[in-house]
Every structure is written in C-alpha cells, then in structure tokens.
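A.B. asks: Got chain A sorted already, so can you dock chain B onto it with the hints?
So the sequence lines, in the order shown, correspond to chains A and B.
Counting in our numbering, the first sequence runs from 1 upward without gaps.
Counting in our numbering, the second sequence runs from 1 upward without gaps.
Please note that a few of the clues may not be correct.
[As the list claims (entries may be wrong)] Now the in silico label distances, taken between C-beta atoms and shown as ranges:
no., chain 1, residue 1, chain 2, residue 2, range
1, A, 3, B, 53, 40 to 48 Å
2, A, 221, B, 90, 29 to 37 Å
3, A, 36, B, 102, 52 to 60 Å
Simulated from the structure, these hints should not be mistaken for laboratory data.
All values derive from a computational prediction rather than experimental measurement.
Virtual Cβ for every residue (Gly too), placed ideally from N, Cα, C.
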Amino acid sequence: MSKLYSGAEIVFKCLEDQDVEFIFGYPGGAVLPIYDELKNHSSIKHILVRHEQGAGHAAEGYARSSGKPGVVLVTSGPGATNVVTALTDAYMDSVPLVCISGQVPTHLIGTDAFQECDTTGITRPCTKHNWLVKDIKELSKTLHEAFRVATTGRPGPVLVDIPKDIQFAKIKYTKPKKEKKSNGKLHSNFSQEEINELVDLIARAKKPVVYTGGGVINSGPEASESLREFVRMIGFPITSTLQGLGAFPGDDSQFIGMLGMHGTYEANNAMHDCDLLINIGARFDDRITGKIDEFSPKSKKVHIDIDPSSINKIIKVDLAIVGDVNEVLKAAVKTISQKKNGFKNSNKQNVSKWWEKIEKWREKDSLGFINSKKSIKPQHAVQRLYELTKNQDTFITTEVGQHQMWAAQHYKFNKPNRWMTSGGLGTMGYGLPAAVGVQIAHPDKLVIDIAGEASVLMTMQEMSTAVQYNLPIKIFVLNNQYMGMVRQWQELLHEKNYSESYSEALPDFVKLAEAYGCKGIKADNPDELDVKINEMLEHNGPVIFDCRVDPNENCFPMIPSGKPHNQMILGPNDKDDNKITGKGKALV
Amino acid sequence: MSNPKSAYNIPTKKSKSGTHIIVVWVDNEAGVLARVVGLFSGRGYNIESLAVAEIDATKNISRITIVTTGTPQVIDQIKLQLKKLVPVHKVADFKREDKKVIFKEMALLKVVGNRSKIDKCLKACKTFNPVILDKTKKSVVIQITALRREIDKMNKKLKSNGLVSTSRTGAIAMTRGSEIFK
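Bound conformation, chain A alone:
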C-alpha cells in the first residue's frame, strides 16, 4: 500500500510537481497545517509579505516578469478578502495566479465561524474559476486543474479554498495526468484561409497600422521575436497599448509610440486615418478607442486574440483570427515568405506615402515638454532615469496615475516582460509589491518602481518585505504632493476645484526609508538629479528615492473623454479650444 499524505503535504507535493519555487503569503489560523508543512519542502521558498494584497501583487510581478504562474497562500476571512484587489487586478490584466486560501473546517462552514467568509462566493467574479475543496479525494486533482486553468488560453487568476480539516485529512497522492481534454477552453484552431486573408489585406493596404497589446507578452518571449520578424517584413508602422510595451523595441524607427488616451499624436492619428488596422493581442479597451462611433472609421480591421469573447465585444472587426499570437504570427510570416508575387518588396513602396504622413505627425513631438532649470519636471526625471539605466537589463514596475503615463511615454522598453503596470484595474499601490515579486524572480537584475507618492503609500508596508529578503528594489517616487491624475481631471473637468486631491501631511520619505532599514535619497534640484540617481543605482539594497517634482505638471498629450483619436490636447496651451463638454464629462 502506498503512503498516506495529509492534505497539507499534498498541497506541497502538487506545488513541487508544478515546479513552483516561490510562494507569496501570510499565515493565519486556517492555513496553519500548510505552514507547518513548509519546513519539509526545501525547494519551495515562502516570501512573507506584510499584507495579503501585497502577496497578490508580488505574485503578479513574479508572474509577469518570469512567465510562470504566481502562487499566493493566505488564510480564511480577512486573508482572503485582502487578496481580492490583487485577484481582480490579475483578472483584468490576464496574469496567471494560483491563490490557495485556508477555510474554516467543513463542519463550521455556514455558521459564521471566526474568520469565516464565503471566499468562493466573493472571488467568483474576479477569478477564471475557483474551487472549494470539501473532500480530500478532490484535493490533488483540483490543485493541478487550478494550474492548468490559470496558465492556458487567456491566462488569469484562480483560487482554491481548502478547509482546515481537509488540510489534516490523509489520503494517497496521485501525480497529475498528462494533458487531458481541455473542456474546449483552448482556442488555437485558426485556419490557413484566415492567414491567407490576412496576408491578402496586408498586400493591398496603403495606410496600415499594427496595434499590439499584452497578448503578445502573454504568448511568451518567442511571440515578441515573431512580432519583430513580422513587422520588419511588412514594413508597417507599429503602435502598442500600455500592456504591450516591450514586445517591439521602443527605440525602433518603425515604432510610433504608445496609443490611446495618453498616446502619441502620430500613433493616434495613424489609428484614425488608417485603411488597415491589425490588432494583435489587444482588446480595444476604452483607454485605447476613445469615442467608439468615430474609432478608426475608414479601416478594415483584423483582430488576433486567443479569447473568442474579445472579438467583436467593443469594435466589430472584418477578420477575426482566434489563436495564440505566436502561432498566428509564425503562420503569417511563413505564408508571406512563401508568396512568389514579390509583394515583400513592393508593399513597402505602397506604404511609403503613409510613412511620410506619419513623419509629419512625428514632427509635432507630442511627448515634448517645457523643461525647467529651477524645478525637476517629472518627464525629465523619467528620461534621466532611462538614460542612466538603459545599458542594463532593467525591470520597471509602476503605480497608477500621472507617473505611470510618464513612465510609459518616456521610458523605452526593448524586451518583453520588463514592464509591469496595472492597466485594466488601475490599482494604486501595485508597483511596490510587484517590484518585490520581480526582484524575487530576477535577483541579479535592476528593478525600479516608478511611483507616485500617493500610490506608494497604499502598500508602503512591503518595504519591510524588501528589507527582510534583502531585495535591492528602487522606489523612484515622483513626488508632486498631489494625486496628480485626479488633480489633472479636476483641472480639465471641474474648474480647478482640487477637492481632496492634495496630500497635506506626507511623510518624510528619507526618514521613512531609514525607519524601514533601507536607504533614502531626496532630490529637488535638476542639477543634482543625475548624481542622485547614480547614487541610488550604486547602492546595493532597497532605496526610496524622493524625487520632488513640479507639482503642477500635467500629463500630455491627452484624448479628452468622449473625443475621437484625432482630437487630442497636445499641451497646456492647447486645451482652451478642446474643452471636454456635454456627455464627455460623465465618462471616466
């Protein structure tokens, strides 16, 4: 007879079989048997966070920078509810997470026991799937299924709720079976006809644009290689969503910058005027499309996505290819190179006029700003940070707000998985714990959280985690003392009534850093910026960098709410004739 294992042991056996190296968690009453078992499994390292939300974001940072699923372990009740924000964030941005939560013993479920909550009920809308394991026989099967669901198709978070008595119960362990039928949830069965149609559209296009998203990153590093080959082959301009940055080199001449609400003038105008739009792994998010009725009115639209429900959800497309981005791009590249009609060369001629137009738009220099000798402009700070770190393999995380957009605009990414930001949910407080997770996955690389002072205070406690594990993350705070994006919207929409968007009592970030046992640096003068940034980079340990920037700077260019792509506000002097009016005011 084979050996009997407890539920807690089975949890670890499953994690070992899934090649899990790190779990991010926080102990509590209902997961104690699992924590007790931790000491017997040396291949798995537990990272103790300071708040369960931090565990979730750290696991997201780990997953997005490594391509492996992030694993979270939390207790019942508040442990589970605290992780809900991170699960929702992962769901919106398609990040594979496996969250294991403790639950009160099965006989107490439904009795309002201490630290009981309906975890599967609460997390049902913010996970791809979740399970409450009420029978020890189901445990190993469920855990392996959880990893499969989280990582296949469009990735996302899952949760497995394990009551305490199940963690103690004993049973034989069964190894995971080799990929069985996937219940129709895998979608990569596109046809050669669809690829031919795509190639045909490409051959006929005169004003094309390629618009890529996070799906390219999620498809793996190979997909980025395929994308580069594809785009260079066809010679089209390429733009990217916030999540897709890095899939195509940011400093390449074919790259016309990020698109959308704070995208470049050339990218948004190209989207508006194009005759062929190829969406690769993006979802026509409302930050991208602007006003739907006037979105890219003259174009044929192609949508390549692994999730069939993304197709025609917002924008009706002419050609939908449901499949893994890498597979589709490889097939397209193959078909194009096989074609003997020589369009490989002639097509670039077709689009040369279009490139001339794009170069005209580029001349507007829409990311430009008026620099200052007296105060540090936040854009300038990000540019300096980029210049001083571009020679190493740098990983950037961000919080949410103006600093996030400035980072996206002025920091140029050349590789996938180097840019971790909360796009869909827009979670302030994401960046610091995410940086913790990224540094765990890449201990020898430079990891910087470009932060805002309001956001970073939401999860500041995770500095303690960084210090505990000696993770040399750099928290680069663009401190303007405002919730900058809130202030910007109040300026544009609410007659400069800055209701509650100014932070009256900010901490001294240098002292705060010292209190956590790490290094604090402050810069408030453009002259000292480079020296101070280098000081931060040279310090071997976590740093909080308090970069005091011009508090009144706004993030431009901007598509005002309710406006189409070709009606952007380009800078502070432009906004008078482009006011947000009427129904646009009610939009977010």
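C.D. replies: Below, chain B without anything else, positioned relative to chain A:
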C-alpha cells in the same frame, strides 16, 4: 455600428433588441448556477426567465434554459462569455421566433369560486392542455403548458373568474425533428 458597451460609447443609434433562448449544458456542481447567473448580473445582461435541472445523473449534467433580450452583439457576448466558464460544456441559442424550436412553459393555476366560474376557467384553458390536478367543491388547481405570452394572457383573463394564485416555470426548449444540438 450597433451599440457596444464601453465607457466611451455615447449611444447614437441603437440596434434592435431581440428575445433569445439560451440553453447551457453544465456540470452539476456546487455554485454552477451562481456562476451563470452572476455572469448575467455582473455584465448587465437581463434574465427574463430561468429553468434548470439535472438531465443526466450519471454524467452529472444539468441543462439551464435562460430567456434573455439583447442586441445581436450582446447575445454573441453572452454566448462567448458563457463558453469561457470552466463547468460549461456547450451553449445553444435560439430566437424566440424560430419555427424549428419548441418553447414551452408550465403554469399551475389555482381558481377559487363557484361551479360556473371554475367551468369558465377550464374552458378558457382548453387550448393549453389543461390537466386538473386537484379539485374541491369551491376550488381547482389546473396545470397548463403554453408559451410565455399565452400564460401572461391567461393570467390576466382569469383574474375575474377566481384565479387566486399562479405558479409558473421558466421556458424550456427543444429542437423539432431528429436533430440534436451538438
């Protein structure tokens, strides 16, 4: 363009909304109905009626029949979103006007009154396969099977003849002929 849902959509013209019957085959496991219903409420789709029961005890399969209204784009989304749920096996969608599909709803009607009122009610129900399930001197419980709007009509009509209580199922559907939905 039809009327997609987006924060940036300022509705200009609405495309036509139609009534559809969505049939979903699911694993009969804890919480599966909550997943399906939660999807509808969470994404703002509406449910006119809902009928659910296990149809295959050995394979643990339940069949959920949902009547909903929406534009073609919304109906497409409903189907695609349902297919993404892990316990969902297949999803079928029929238009209410579809002649190839039978839709039926059952109702139990309790009528209290004298002989002549009860007789009037029974007469009115004649075309809807009435079955008398219980009868006393001053009351009757009638079972009818009909379309939703017919039951609506009966419900109104019989009020004056002593109808005191109505209980009805949601619609269920089945294709005509030998074909089955795969």
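A.B. asks: Each of the hints needs a verdict: does it hold here or not?
C.D. replies: Quick rundown of the hints versus the structure:
1. A:3 - B:53: 40 to 48 Å: Given about 42 Å between the Cβ atoms, the range holds.
2. A:221 - B:90: 29 to 37 Å: The hint (29 to 37 Å, Cβ to Cβ) holds, given that residue 221 of chain A and residue 90 of chain B are roughly 35 Å apart.
3. A:36 - B:102: 52 to 60 Å: holds (59 Å)
Of the hints listed earlier, there is not a single one the structure fails to meet.
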